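Participant: Sequence:
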Amino acid sequence: MEFWERFAMYGVKSLLALILIDHVLAGNLSHVAGAAMVRELSASLFGPVSTTGLASQLYGYANALIYLSIPLGGLFGDLLDNRRVMVLFGGIAMLAGLGMMLQESSFLIGLIPFAAGTGLMKGNLSVQIGLLFSDEAERQRGYTIYLGFLNAGAIGGPLICGAVALYAGPMAAIGVAALAVLIGLVLYGRYGERDQAGRIVSTPGTTVRAAPVINTALLIAALGAVYLCFAAYEQIGNIFLVWARRHVDLDLHGWRMPVAWFLSLDGLATLTLIAGWQALLRMFDRRGVAIEPLVQIMVGTILCAAGYLVLTIASALDGATHIGWALAYLLLVDAAIVLVWPSGLSLIAGLAPRNMVGWWTGLFYLHGFFANICVGLIGVYYDRMPTPAFWLFHAMMATFGGFVALGAGVLLVPALRSRQATTTSA
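Position one of the sequence shown corresponds to residue 753 (our numbering), numbered consecutively onward.
Hint data in this document are derived by calculation from the structure and do not stem from the laboratory.
Nothing here was measured: the structure is a model prediction, and the numbers come from that model.
Note that the Cβ used here is the ideal one computed from N, Cα and C, for glycine as well.
A hint or two may mislead.
[Stated by the list, open to error] Computed spacing ranges between beta-carbons, pair by pair: (1) MET1137 with ILE897: 38 to 46 Å; (2) ALA848 with PHE901: 21 to 29 Å; (3) ASN780 with GLY921: 17 to 25 Å.
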């Protein structure tokens, strides 16, 4: 189910900004429900907004709604004591939204149930995986398989939907996304095991009771660094695709690569880097070297900044940009996420109070909400400032996240270890 949900989400995500620019917002906005109101509201806040800027905002709002719905979906699953029903309800909402998106007149309205349904489903599927296992090692292997299917869907969605959009039109690609959700729901409804537990039995967190204030400050700093890194990274599915379509040479030996395939390459690179980084960590472990999560977050933010510096340089060059620049950017920002994402969750599991791990995990997942709001609003300035300066701003944002992590490491970690040593000796 997670594979098909990610297939549909990333398939739509890879085309969303381009569909909005080329079709939904290109003509008379009076024929598109909600478009004129959104444009007027945007103009009242930001002044006159171009079609690209408005599309960027709508992209950000839709993706932010997905991530805002994830913790809400998990909460509803807790209250109803039936996550299976919430998964099915989320899938039905996704189908309803995609059906509305087949018509330009109702496209924007359809984004609401599609995004909310995606969040509701995601917020309960990930918890169901944890409920399948009682042994911690088995649970970790289960989540590894889950992560693999998640990234496979993120690869397949843009790959298939991008090709269908190129040869049959964007609405056909939306139909393919709807078919994917339907296949997933049929398989989940037919073969999925019922959630017998209904609630989490145990939470894998540990509490350092000697330094709750320091723990909280460290978690807040780590989340701040994660939020800033993702606020830069998430532009990969928004203005990066717009820039790549205009400036990157996508012709490969007489064949033109669909621009949406960059998101497939993004998922493929992430899978490859996960395997490589885990192998490297095992090698370090055999030599007795442990890399702290906060250090990984700091290195990740630096890699993210380096990726946007690559785009800064590439956009300053004359003529068509070689695809190698775009691929270098992908590798750097994907390496950043491979380091930052699991390290943030690891810190939460290790430092959050045992009875509040779920709350802190929910705050962690809100990085997607924050990031997509940011990329949508920042995208307004893509047409208003030099392109190199636009990408440089993202590099600076990720760098600032690195400074937050560094400051936390310098100021808080020594104090935390001192408290832990004092408590142990006492």
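Participant: Does the Cβ distance between ASN780 and GLY921 fall inside 17 to 25 Å?
Facilitator: holds, 20 Å
Participant: Holds or violated: 21 to 29 Å for the Cβ distance of ALA848 and PHE901?
Facilitator: holds, 24 Å
Participant: Please test the hint of 38 to 46 Å on the beta carbon pair from MET1137 and ILE897.
Facilitator: holds, 44 Å
Hint violations for this structure: none, all hints satisfied.
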